[in-house]
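**Q** Read left to right, the sequence shown gives residues -42 to -1, 1 to 566 (mature numbering (1 follows the signal peptide of the UniProt record, and there is no 0)).
The set of hints was computed from the structure by calculation and includes no laboratory data.
Treat the hints loosely; a few may be bogus.
Said to hold, decoys possible - Taking lysine to aspartate or glutamate pairs in the EDC-like style, the calculated list, with each CA pair at most 20 Å apart, reads:
#1 Lys338 <-> Asp316
#2 Lys61 <-> Asp114
#3 Lys231 <-> Asp203
#4 Lys338 <-> Glu306
#5 Lys160 <-> Glu135
What the hints assert, rightly or not - Label-pair restraints from in silico Cβ distances:
#6 Gln422 <-> Pro476: 55 to 61 Å
#7 Thr298 <-> Glu247: 41 to 47 Å
#8 Ser138 <-> Ser107: 34 to 40 Å
These numbers were taken from a predicted model, which means no experiment stands behind them.
All C-beta atoms, glycine included, are put in the ideal place defined by N, C-alpha and C.
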Amino acid sequence: MLGASSPRTLEPGGTPAPPLSLCCGGALLAILMLLALPTAWGQCKAPEQFSSARPTTPIDESEFPIGTSLKYECRPGFIRRQFLITCLPNSEWTDVSDKCIRKACNTPPDPLNGRVHVQTDTQFGSTITYTCNQGFRLLGPSSALCILSGNTVVWDNEAPDCERILCEPPPAIPNGEILSSSEDFQYGMVVTYRCMPGPRGKKQFNLVGEPSIYCTNDPDNNGMWSGPPPQCITVNTCAPPSVKDAVMVSGNRSLFSLHDTVQFQCQLGFVMKGPTSVQCGALGKWEPELPSCSRGCQPPPGILHGQYTPSVDIFSVGQEVFYSCEPGYDLSGAASLQCTPQGDWSPETPTCAVKLCDDFTSQLLHGHVELPPSLQFGAKVTFSCDEGFRLKGNSASYCILAGIKTQWNSSVPVCEPCPHPPTIQNGHHIGDYTSSYLPGMKVSYICDPGYLLVGRGFIFCTHQRTWSKFDHYCKEIKCSLPPFMDGIRKEMEIKEEYHYQENITLECQHGYTLEGSPWSQCQADGWHPPLAVCTSSSRTTLIIGIILGMIFLILLIIVLFWVIPRYKKRNITHGKSKEVNINLYPPESDHAQPQSLLSSKENSSGLP
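Kindly produce the complete structure, drawing on both the sequences and the hints.
**A** Have a look at this one:
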């Protein structure tokens, strides 16, 4: 009928199938959500240009739908091949990084007396370098680049040559010769000089300088000699040297040859100025210049942890020096010395003795004081407490300098047990109040009325003289009413929260009955007595009706379970074939006899 709703079909479990309009609406909503996705339209932007490949045909479009494939070919310098890139469902093109492989140049052999160095590889665009072995220099380019030449790749430069480094012939020297017969002087070759001998082999010249030089190279790899050649100087002698107020302590003889050495020492009461030793030079002169001795004193002896002033090289007779010590030390002895005519210092040299602090006599109650072997400047006194006590103050005292005096930098600390237990807000700890809390002692906490203790509720003094973790607090006790209370008088003022021991009195609306105590108080564990409930009379009737209905339903189920089996049994009994005797009483006749009506089965046997 027009306007009638279509019957809803049942799915296999008995659940009604959703209406056709709901199915279509859900499918339409799903399609709209898919279309709202960023890639729902299935587009890729035009691919970027690749350094190794290019499209076979120009690309004019700016966007391509998903599934589009573009044909690319490798650029010159890469192994030629064609491939496709495809727009993927994530609006990205397939990767092309491994599609084109750079062509490779042949690896050149090492040049003679040199080496070729491949930096990374020999592929298109790579560079190789050449170097020569030591003693050789490069002739030609030092590097080559793999470039494109037609359809192949080649090196842009040919391999260089390595030429041996040669030096010019070594310079000749007057009155000397070179002990070598070679005409080529290669890198590393050594040549040695000697002076020409005189008649009958007599030594006529002295060789001055390095007798040998060798062929090496300059920064431009050009050959050069390691140094200047030596010289052949005519043999000469030096006269015996003479220094006033000094004596020779070594090399005292009548004739001195080249390089002979003489050492001097000034006489008592004199100070030397200049070198203590000289050498016979090539021109018959002593080198360096001879020293001189003047009356005076050498510098006075130094002292440990001290110094003297003034500080000069030579002190004249009668000149004084003054000694002083470093901070923390006292001068022991004369503060000044004087240079005597005999060239020594008078009186005795002083010393610097370390300063001492006063004896440490203070004691540490409930602890120990460890004294050092010496109470000198820088000494350290350490403090430690007995078991169960904590050190309050510095654990050590040092002997320091205060002005020109020494003193201990800190006083004796105090050994104290655990401090007083921490307080708790809206509560307090219980137990004996003592002045000393030793390790292991326990303190418990309770809360003030109206507050509930949350947490462990106790702490104990540890062996580190600190209290264990304080992780408890007092929480204010609050009660609240259920969010929905049917039948309560709306005129009543009901608060969201009630504080500890706060009372509430409940009243029901007309038509409701109060079940429970009308008065209740907020306690630590909730309302006492429990909150009353307002029950509607109609609700009571409804509950009674539900109960009676359930009883009727149960009785109906019992009757059905009793009747149905008997009904089925009756039907089975009536379906069986059995004989039915019916007496017919026809009109009375003398010859008439009662007949039997047989069942259909017996009748089918052919009886009339």
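**Q** If a hint holds in the structure, say so; if it doesn't, say that too.
**A** Okay, the hints, checked on the actual structure:
Proposed proximity of lysine 338 and aspartate 316 is supported: the alpha carbons are some 13 Å apart, at most 20 Å. Proximity of lysine 61 to aspartate 114 is assessed by CA-CA distance (about 15 Å); at most 20 Å being required, the pair is judged to hold. A hinted pair counts as satisfied when its Cα atoms are at most 20 Å apart, and lysine 231 with aspartate 203 qualifies at roughly 12 Å. Taking the CA atoms of lysine 338 and glutamate 306, the gap is near 34 Å; set against the 20 Å cutoff, the hint is violated.
For the hint pairing lysine 160 with glutamate 135, the CA-to-CA distance comes to about 16 Å; that is within 20 Å, so the pair holds. Evaluation of the 55 to 61 Å hint for glutamine 422 and proline 476 yields a pass: the beta carbon distance comes to about 58 Å. The given range of 41 to 47 Å is broken by threonine 298 and glutamate 247, whose C-beta atoms sit roughly 29 Å from each other. The given range of 34 to 40 Å is broken by serine 138 and serine 107, whose C-beta atoms sit roughly 51 Å from each other.
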